[in-house]
Every structure is written in structure tokens, then in C-alpha cells.
Amino acid sequence: MDQLKRALDFCTRHQAILNYSLVSLLTALCEYIFSVVLFKCPCNSDNALYGISFLLVPAFILFLLGCIWNARMWRLVTGCHQEKCCSSCYHHILIPVLGRASVAPLTWIAVALLGASSYECAASGNDIIKNFMCKGVSKMCQAQVAEIPCNKTLSEKMSKGSLNLQAQSQLMGLFLILLIVIVGVISTCVSHCCSPVSYMQLQFWKMYVKKENELFQTKAKEHAATLAERNINSFFQTADQTPDQPADPTAFQTPSNEDWKKISLLYTFNPEEQHYSMIHEFVNTDRGSTAKFGQGNKNPSVLGFVDEAGQSESGI
Amino acid sequence: MDGFQTILKFFMNQKTAIGYSFMALLTMGGERVFSLVAFRCPCSHENFRYGLVFLFSPAFVLLVIGYFMNSKTWKLFTGCWVNPRKIFPRGNICHFFYVFGQITLNALVAPVMWLSVALLNGTFYECAMSGLKNPAYLHAVCNSKSARCLEELHKVACDKSSMPASESDELKRTLQAQSQILGWCVIVTTALLSLLTTCCASCQSKVSHLQLMFWRVYAQKEKEQLEQIFQLYATKLSERNLKCFFENKEPEMIPLPDFQAWEDASQLHSFSSSKQHYSTIHRLVEEGQKEISEERETMLDFIDRRDIP
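Quick mapping for you: the protein sequence lines, in order, are chains A and B.
Each residue of the first sequence is one higher than the last, beginning at 1 in UniProt numbering.
Each residue of the second sequence is one higher than the last, beginning at 1 in UniProt numbering.
This is chain A alone, in the form it adopts within the complex:
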């Protein structure tokens, strides 16, 4: 039991990288199934369009899904028509959100390139590749290039000792993976290096944000249940009485619209105060009424997890 608990703790601590690995594995599996079951290169003048759509369209759909699935995106977007949106927030928040949403599409593209069928099909319809492969050869060559994906022996004859299309595709896929890894490392190191907060405090902070989110779900359900019960009981009791003398509903303390707006603001870090979330700041500044509320003006990228806490309750 103890060891199982330790294994679970390990998983919780490295949850981010485990999540990304799981997403990558699932995407890789889906791409493999797609290319084996669905992909059939037409081997004519439509090669380029077919290959590129199989490569890029699912990636774009995954990107959109990644954006929709991000709770921080909804915090940024909700109500921004009425409120004055923080224009500088867009740089600090949109870029990390878009970065996270690009994990699945880039994995799709990398795995598709490693599989080589999409690129081979697209490249065999591309004029630049056709001209390169058909330098100094008869005019029939250009038509033959389009048939390479359907005829394996043709590929060897036409590649003239340089890398064939499949090998080119696989090398591009590997370089893309290396690029993603290097960019990921640099951005994570930079965001941690520039962190205004120490390592242990960050660990505690992550735990606090997670707990607050879980308790928020529970408390919100309880509060909603109590309020709904009061309303419905009041309604049915009113029905018993005469229309001239409705029963007064019992007083019920619920946060106001202003209170909800205050806690839905995007989190900004204030080095002078030690607030771990907008709810914490709201409570410590006498329900947001003192001048200290909302005084934070920094958006360190390492604290992005504070707004992403409501991952399961995104805008859908």
C-alpha cells in the first residue's frame, strides 16, 4: 500500500510530463491507425493536395481542441467584451496557451513524417521536387514521379543516389521532434529561472491550487444544492398560500456578481503579498474592497498553473 502511494505521489509530482507523454502516445497511435487504414495516395496530379491535407488538417483540428481544452483560455475570453481586457495579459497568457495547445498537433505532424506516407505523397506532387528528380531526363519522368508512392521500385530508380522521399520525410520528422524538445527545454528552463518564487514554495503552491480547485467543486455543489432547495421550498410554500400574501424566502448568503467577477480575474503576482490565488487575495483583502486587491502587475510564466486549475471545467 505504502509503495502504491509512493508511486501515485511520483505520478502526481510529474503530472505535467506524464500528461504530455500520454497525449503524444495517443496521438502517435491515432496517426498510425489513420495512415494504415485510411490513407491511400491517389498517385496522380492530386498528390500534393491529398498529402498536405492528411498532414495538416488533423493537426489543425487537434490544435483547436487543445485551445478549447485549456481553462486559462476561457478565463481570458469570458466576459472580455464588457470588461476592459488586460492587453498586456494577452502576450503573457496567449503564448503559453498556444504553446500547450501545439503539443498534440506537432506530435501528429512528427509521427506522420516518421511514417513517411503523407510526405511522400505530397512531395511527389510538388513541382520543385519533380524538377529536381527529373533534371536532364525525358518529359515522361515528371508524370512518373507522381506514381512513386504506389510503386516502390520506381523510387529507387529515380532518387539518383540521394535520399529517397521516405528517408527525407523521416529525417524531417526526427528533426522536428528534436526541435520541439529543445524549445520545450529552453522555455521551461527560462520560465523557472525567472521565477520570483522559490522551488519549495512552488511545490506548496501547486498543491494548494489543486486542493482549492477540488474543494471549490465540492463547496459549489453544496452551496448550489442549498440555494436550490431554499428556492424550490419557498416556491412550493408560496403556492399553498394566497396570492396577496406570498411567504418571504429565508435570507441566504450568496456571493454577489461583483464578488464572482473579482475571483474570475486572471491571477497576477504581487511580490509584496503572499496570495496563492484570486480567491485567497479576495479573502485577505476584505472581499476585495481594500486598495491592495488587484495590485499584482506581473505574469511570470512559471505561475501559469494557477489559472489552469479548472482544467476539467473548461468552457464547454
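For the record, the hints were derived by calculation from the structure and aren't laboratory data.
Heads up, the beta-carbon is just placed ideally off N, CA and C, and yes, glycines get one too.
Check the hints yourself; a few may be wrong.
[Said to hold, decoys possible] One-sided excerpt, in silico: chain B residues whose CB lies under 7 Å from chain A:
id, residue
1, Ala38
2, Ser57
3, Phe77
4, Glu247
Once you've looked at the hints, dock chain B against the given chain A.
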């Protein structure tokens, strides 16, 4: 039941060995899948580049993942731009390189496993070296073979050369044999180096064997209790905040460490032989939060790189 408990206890005691064996099995499985599904030797003059990229890029990715998964990396780098003195403390400039070296050695385990498994399998090396244009190497491999060997070696991996089948087979077996010998050399070198470094570290240790064992146990227990206390305070604080938000109650005081206390607790621990402190928190509690000068680290951290958080 008793026998089962004994067996379970035995496995729990060997969890490091089991962990590494599991990692080795995963690497072997991954390498097989990768070489069967993805790897297709082009059998052209680009073999060398293709083979090397396939051999080394997964190793690089595994190295990076190794760095990521080590919590010491983040302890070292968090906040280093804001306060560079944290990683280059006065009078102890080498501290950063020492710790980074430790982290690197830990992270090198997975890539070295990948390289040894890939070399023992032979596919990547065979493809890469059949495309090597070095005349000395070509003459060594094509020794006593037909003249076509020098021109058509790169086609041997796909069985597409015009040489007789026996010659082609022999060349393939030679390349595979070279690959496997290189793989064994990598394994033996790594094992010898690990043994040497562990012995050196133990030799230079200023602390006795049993105290070292106690230190490991203490570090593990402190880590577990820290997690429990974090959970407890996180729950208390969030319950208070949510109650105040929904029910408009006055918030009661919950004492938490301030910024500076967290900063001090996050410093990497360096053992000082004049004091007997087993962790940064231990030192802070016994000595308060004043900065004390420390001796140069002993090699203790080096031995316990896997176990000390």
C-alpha cells in the same frame, strides 16, 4: 501468506535494481518497435547521416527527459535569474557545476541504455557504416571481397547489391558483429566508470557507512512528511478561503512561512562536517535563518544522487 510477505519484502528492498531493470526492458521494447516500424535504411550514399540521426536523436530526447524528471534540476534552476547568488554562492562557485554534473550522470542512464540496446541490435550501425565514405574503413571491411564491394556496400543493408548472396551476407554479418562488439564495449565502459566513481566517492566520504544509511532514511522520511504537511496546510487554507467566499465569514489566521523562509528552505543542501545537519530544513531549524559559511561539499551527495532529494 508469510512466504508471500517475505517475497514482497525482498522485492521492495531491491526496488532500485527492479526500477533499472524495468527501464532497460522498456528501452529494449521501444528500440525494437522503433527499428521495426520506423527505420527504413535508404541504401544510398546518405546511409551514414540517416543511421546516425536515428541512433542519436532518441538518446538526446531520453537525456532531456532525464533532466526534466529530476527534481534537483528544478531546485537548482528555480529563481536563478532573479538571484544568481543562489547558484553561485560566495566562496563556492563550483557548487553549481558539481550539482549539475551529478544531475547529468543520473540523466545519462537512459541514453546509454538506448545506445547499448541499439548497438546490440545492429540495425542502425549496419545502415550507418555501410554508407561511410572513409577509404581506410572501406578497405578494411571489403578486404578479400570483390571489387564491387567498395561501390555497392551501401546497398548491402537492403540486399539489393549485385554481389553474390554469400558475400553480401558476410558483409552484413561483419557489420552487425562490429555493432555488437561496440555495444558490449559501451556497457562494460559504463559499468566500470560507475563502479570507479562510486568507489572514489565512498573512499572520500567523511561520514561512516551506517550514518550514510541513516541519512538516506532520514531524507526519505523528511520528504514524505513534507508532502503530508503541504497537503494539510493546503487543505486548511483552501477550506478557510472558500468558506469565507461562500459564507461571508471572517478569515482566521493561518500561519505560513514567509517568502524568505521558503527561499532559505529551497537551497540545495551541502554537508558540513563541523555540524550534523541532514538537510536544509534541519540546518534552518537548528541555526535559524542566518547565513553560515559552509565547508566544501564532500562526495556524500555524489553517492546518494539517486536517493537524496
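**Message:** I'd like to know which numbered hints this structure contradicts. Please list them from smallest to largest.
**Reply:** No hint contradicted; all consistent.
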